[in-house]
Amino acid sequence: MRSVIVIGGGLAGLSAAIALAEAGFRVRLFEKRPHLGGRATSYWLPDGDHVDNCQHVTMRCCTNLDDFYTRVAAREKIRYYDRLYFAGPHGHRGEIAASPLPPPLHLAPSFTLFPALSLADKHGIARAMLSIARAGGPPPDAFGANMLDWLRARRQTPRAIARFWRVVLVSALNEELERTDARYGVDVFWKAFLATRRGFEVGIPVVPLANLYDGCRAEIERRSGEVRLRTAVREIAVADERVAGARFDSGESAYGDFYVLAVPHHEVLKLLPPAVVERDANYSGLRNLAVSPITGIHFWLDREVMAAPFLTVLDRTIQWVFNKSRLLAECNGGSEGPDRFGAGQVTGEGRSTLSDAAQYLQIVVSASYSLVPLSRQEIIELCWRELCEVMPAAREAKLLKATVIKETAATFSPQPGCDRWRPPQVTGLKNLLLAGDWTATGWPATMEGAVRSGYLAAEAILAAAGPRAKLLREDLPVEGLAARFRRA
1 MRSVIVIGGG LAGLSAAIAL AEAGFRVRLF EKRPHLGGRA TSYWLPDGDH
51 VDNCQHVTMR CCTNLDDFYT RVAAREKIRY YDRLYFAGPH GHRGEIAASP
101 LPPPLHLAPS FTLFPALSLA DKHGIARAML SIARAGGPPP DAFGANMLDW
151 LRARRQTPRA IARFWRVVLV SALNEELERT DARYGVDVFW KAFLATRRGF
201 EVGIPVVPLA NLYDGCRAEI ERRSGEVRLR TAVREIAVAD ERVAGARFDS
251 GESAYGDFYV LAVPHHEVLK LLPPAVVERD ANYSGLRNLA VSPITGIHFW
301 LDREVMAAPF LTVLDRTIQW VFNKSRLLAE CNGGSEGPDR FGAGQVTGEG
351 RSTLSDAAQY LQIVVSASYS LVPLSRQEII ELCWRELCEV MPAAREAKLL
401 KATVIKETAA TFSPQPGCDR WRPPQVTGLK NLLLAGDWTA TGWPATMEGA
451 VRSGYLAAEA ILAAAGPRAK LLREDLPVEG LAARFRRA
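Sequence positions in the sequence shown follow my numbering and run 1 to 488.
Keep in mind the hints are simulated off the structure, nothing from the lab.
Keep in mind that the hints are not guaranteed to be accurate.
[Unchecked claim] Distance ranges between label pairs, derived from CB positions:
1) P46 with C388: 33 to 39 Å
2) H90 with T403: 40 to 46 Å
3) R486 with D82: 51 to 57 Å
4) A126 with A290: 52 to 58 Å
5) D257 with A218: 19 to 25 Å
6) L113 with C388: 38 to 44 Å
7) R468 with G245: 53 to 59 Å
8) A237 with S284: 52 to 58 Å
9) A153 with A237: 49 to 55 Å
10) R134 with R2: 44 to 50 Å
11) S224 with R127: 31 to 37 Å
12) S224 with P140: 46 to 52 Å
[Claimed, not checked] Listed next, the in silico DSSO-like pairs over lysine-lysine satisfying Cα-Cα at most 30 Å (straight line):
13) K77 with K430
14) K32 with K77
15) K398 with K32
16) K430 with K470
Just so it is clear, CB atoms sit at the ideal spot from N, CA and C, and this is done for glycine as well.
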């Protein structure tokens, strides 16, 4: 039986490991943390509460992530929502949902009624969206330009940029518009909002993130593999242009026919011998990849203040508010019907599992540069003040407890031209593959990109060991008028 050493138990490493185990390889996976999932995981606080390090979501257009969840029997732990909820200034509330019209017009009716934008804003947005649809994705001038300049060149109003484009893209790409390659920004709107009817639907785990990966370890071990946690790799030994072994902090080593290095890009530079890094531009170029932060803020309240499962906030520092009490309750038989917006008008659905009077909310701030230098108490005070501004019911609530989780290097930054620094999964060392959302996947720093990288690394190993196998899933089929535009 051919063997593979996988270093790193995040989504990239797990997706490669599962695919290779299913293909008959003996997989040994090593993760330095005490849990699987990498950055997309959860853990226990000292007082016994369980928190996600940062709420992660998927979308229907993330076909490979959906395939991975299916492989590890986690897909039933994802709840999809067919409408998006927004809280704007001056008490404005809005929804985006699909109509019977064919793509790319299916979201137009709810967009037309969106209250936080003027007619001039909407006209400019519609004109830019139509140009994306007619191009069948990113047009040529999107490659290498930054997203803010691209939008200004299409005469987008400042309000449209702030309340529409930025709201979607900063959350999706974890970067500010002026630091984002327009190709990635445009691709988000093409794949999620224009090309297909259901691509925009948001999928949210209804279990703690760590529970999504329960099936990974079992699947690997069931196929004669091994998963070891709290096992940190110290260095990768190289001889004769091949990896000769992986050495751990404990002093022991592991050996395999192939190796998948699925760690953050800055860790690759530490693990490989300096001589290997310096002579191969695919490694040394990783120094040019920047990183961007995400901050998660967790609030426990003495009463319910929010009925919707989640809420996107406009014109504030806080960007997303997740009703964790309701989401976790839905895993245990909560409401499964269509969701109606009801922020601030609390019903009986989604009651906290803690008590009849408590609610647990999680706030997410992507590209949270402004929060990084602040103390945790300052962040809590800022976010609580903003939450009370957009949710009147919160003004009567008591904040029982709060915690802040800063990820200062949460993802690589999709800056203009960053693709030239993203290496392929196949390396100059004959039996070493790279996996991570920072590798060349065609996607930005997302869970979908991480799974794609793992599948691509596994495909390369399968091709080297025997018959080629196709693991990577295609994008959702382009539908309706969008398909006609693309053919034209």
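Task: Unmet hints by their number, sorted upward, for this structure - done: 1, 2, 3, 4, 6, 7, 8, 11, 13 and 15
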